[in-house]
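Those letters in the sequence shown? Residues 0 to 457, per numbering that gives the first Met the number 0, in order.
Hints were generated in silico from the structure; no laboratory data involved. Please read all numbers here as calculations on a predicted model, not as lab measurements. The reader is advised that the hints may include incorrect statements.
[Said to hold, decoys possible] For each label pair, taking beta carbons as the anchor points, the in silico distance ranges come out as:
no. : residue 1 : residue 2 : range
1   : D121      : E228      : 26 to 32 angstroms
2   : D381      : R190      : 40 to 46 angstroms
3   : R341      : P282      : 35 to 41 angstroms
4   : R101      : A382      : 38 to 44 angstroms
5   : C53       : R190      : 20 to 26 angstroms
6   : D331      : G446      : 31 to 37 angstroms
7   : P84       : G446      : 20 to 26 angstroms
8   : G75       : G353      : 31 to 37 angstroms
9   : A311      : G75       : 41 to 47 angstroms
10  : K79       : G315      : 29 to 35 angstroms
11  : R190      : T243      : 26 to 32 angstroms
12  : D205      : G310      : 47 to 53 angstroms
[Claimed, not checked] Straight-line alpha carbon distances no greater than 27 angstroms define the calculated DSS-like cross-link-like pairs of lysine-lysine that follow:
no. : residue 1 : residue 2
13  : K79       : K151
14  : K202      : K151
15  : K193      : K151
16  : K286      : K79
17  : K151      : K194
Think of the CB as a built atom: it goes at the ideal place given N, C-alpha and C, for glycine as much as any other residue.
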Amino acid sequence: MRLFPGVPLIAALLTGVTALAPASPAGAAEEASAHCARQDRLHVPGAEHQETACLQDLTTAGLAGTPYTDMADQAGLAAKGTRNPSGVPGVQIDGYFPDDSRLNATHGWSHDAQFVIRLPDDWNGGLVVTGAPGTRRQYSTDALISDEVLAKGFAYAATDKGNTGANFFTDGQAPGDAVAEWNRRVTELTRAAKKAVRQRYGKAPDHTYMTGISNAGYLTRWQLENRPELYDGGVDWEGVLWTTRGPNLLTSLPVTVARSQGLATDDDLIAAGFAPGSRFLWPYHEKAYWGLTQKMFRAEFDPAYDPACPGASIGGTVEQILAPCASDASYDYASRPAAVHRAVAKVALTGRIGKPLITLHGDLDTLLPIATDSDVYAGMIDAHRRGGLHRYYTVQGGTHTDGLYDTYPDRLRPILPCYRSAFDALTRWVEEGTAPPADRTIPRPTGGDVVNSCALAE
Numbered sequence: 000m001r002l003f004p005g006v007p008l009i010a011a012l013l014t015g016v017t018a019l020a021p022a023s024p025a026g027a028a029e030e031a032s033a034h035c036a037r038q039d040r041l042h043v044p045g046a047e048h049q050e051t052a053c054l055q056d057l058t059t060a061g062l063a064g065t066p067y068t069d070m071a072d073q074a075g076l077a078a079k080g081t082r083n084p085s086g087v088p089g090v091q092i093d094g095y096f097p098d099d100s101r102l103n104a105t106h107g108w109s110h111d112a113q114f115v116i117r118l119p120d121d122w123n124g125g126l127v128v129t130g131a132p133g134t135r136r137q138y139s140t141d142a143l144i145s146d147e148v149l150a151k152g153f154a155y156a157a158t159d160k161g162n163t164g165a166n167f168f169t170d171g172q173a174p175g176d177a178v179a180e181w182n183r184r185v186t187e188l189t190r191a192a193k194k195a196v197r198q199r200y201g202k203a204p205d206h207t208y209m210t211g212i213s214n215a216g217y218l219t220r221w222q223l224e225n226r227p228e229l230y231d232g233g234v235d236w237e238g239v240l241w242t243t244r245g246p247n248l249l250t251s252l253p254v255t256v257a258r259s260q261g262l263a264t265d266d267d268l269i270a271a272g273f274a275p276g277s278r279f280l281w282p283y284h285e286k287a288y289w290g291l292t293q294k295m296f297r298a299e300f301d302p303a304y305d306p307a308c309p310g311a312s313i314g315g316t317v318e319q320i321l322a323p324c325a326s327d328a329s330y331d332y333a334s335r336p337a338a339v340h341r342a343v344a345k346v347a348l349t350g351r352i353g354k355p356l357i358t359l360h361g362d363l364d365t366l367l368p369i370a371t372d373s374d375v376y377a378g379m380i381d382a383h384r385r386g387g388l389h390r391y392y393t394v395q396g397g398t399h400t401d402g403l404y405d406t407y408p409d410r411l412r413p414i415l416p417c418y419r420s421a422f423d424a425l426t427r428w429v430e431e432g433t434a435p436p437a438d439r440t441i442p443r444p445t446g447g448d449v450v451n452s453c454a455l456a457e
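Using the sequences plus the hints, can you model the full thing?
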């Protein structure tokens, strides 16, 4: 079934990267600025399937209700009052790279390694790459990231990370393979998107940035550590920390399961790094996040611990999916076999970043406590004497998903406007040599529009 009726299936017509004929700078610029110019030359290198579309608006304002985005997969990530730009015409490419897993059913393809690339008519010479947060898919950060960077003139590319949904851990041949694939898929898309940009505009990107939230914040950290040559910098929005010896999710989450079963106390959670001021968020996270997250990632890295839970599937109903495994209440990562630690080592971070990185983390993050995550990662960067490449901002009143602000507007603040300010600061740092403000806590203001404004420095 074709997703975009009437649009040629370029991937079926071309077998390699389209070679562009030399053009004068003036001629190339004039051609590239035309609406959807060079659409017939676009072929994403390595893609098994792709479909292109010429659109009047690449932002969610124009795409909502169409096959070109998925508003449901963005649920809960932004506060309701968030203002986004619109009116960015250009070309969108949807497709997938070769993969043998079938967890992503978007477009009816039932094929993983799906991606989206957006190429605005009015291009500023840059490219922004991201991956899906959590276990979401390639359109999940359209409102958080894509809209804003497209309006600034950047090309944009996002990947589903190669496996999606709560059963992502079923992908791969060995423990740790599914998460390791996330990093490989980002690298794959970055290289391919750069070539697609060259096809569209007649030149490679002047600057390429990696960015993302949560699991995609982890991807940003990993790429700048392991593939720094592909990027000029990145913004890490509360990335997940994976270290071989800990801390990691498998060291911070078991106590939450124990508490849900009456085997641990509030003080035990605080001792494990959860902020005392985040207590009001604990009931929600106990129901929606803690047990599920521990269950998924323990199944990914340590399936032998309790083969029956979750088993071959994490569940067929919402209740089954969210239910914790009782055995996780006593899970002790430190005492697990060396093979488990080797599985985590496949994806572990070191702090050896090779390009400028800005990290933001909310002090009320109740899924990834700041004390066991970004505080630690900042220390890892400093330990490797890379602190000059790093800025770290703690967002007072920030939590893991901005959507919770609408429930607690008197206690929380959205991180998104601070993220947007941080991205602007990164581009000035890279392109103009203007250093961002020093590491600091961004205070929660008592008034004003906290949903759409955030100054990194007073």
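Hint-by-hint comparison with the structure:
Checking the proposed 26 to 32 angstroms range against D121 and E228 shows it holds: the Cβ atoms sit about 28 angstroms from each other. Roughly 31 angstroms separates the CB atoms of D381 and R190, a value that falls outside the hinted 40 to 46 angstroms. Judged by the Cβ atoms, the range 35 to 41 angstroms given for R341 and P282 holds: they are separated by roughly 36 angstroms. Judged by the Cβ atoms, the range 38 to 44 angstroms given for R101 and A382 holds: they are separated by roughly 41 angstroms.
The hinted window of 20 to 26 angstroms between C53 and R190 holds, with their beta carbons roughly 25 angstroms apart. D331 and G446 have their C-beta atoms about 47 angstroms apart, which leaves the hinted 31 to 37 angstroms range violated. In this structure the hint that P84 and G446 lie 20 to 26 angstroms apart at CB holds, the actual value being about 25 angstroms. The hint said 31 to 37 angstroms for the Cβ distance between G75 and G353, and at roughly 33 angstroms that hint holds.
Against the hinted window of 41 to 47 angstroms, the Cβ-Cβ separation of A311 and G75 comes to about 28 angstroms, which falls outside the hint. For the hinted restraint 29 to 35 angstroms between K79 and G315, the CB-CB distance of approximately 31 angstroms keeps it satisfied. One distance hint, 26 to 32 angstroms for the beta-carbon pair R190 and T243, holds here, with the actual separation near 28 angstroms. In this structure, D205 and G310 meet the distance hint of 47 to 53 angstroms, their C-beta atoms being roughly 49 angstroms apart.
A C-alpha spacing of about 22 angstroms is found between K79 and K151, which places the hinted pair at or below 27 angstroms, so the restraint holds. For the proposed pair K202 and K151, the alpha carbon gap of about 18 angstroms is at most 27 angstroms, so the pair holds. Pair hint K193 plus K151 holds up; C-alpha atoms about 18 angstroms apart against a cutoff of 27 angstroms. Distance hint between K286 and K79 is fulfilled; the C-alpha atoms sit about 22 angstroms from each other, no more than 27 angstroms.
This hinted pair checks out: K151 and K194 have alpha carbons roughly 20 angstroms apart, not beyond 27 angstroms.
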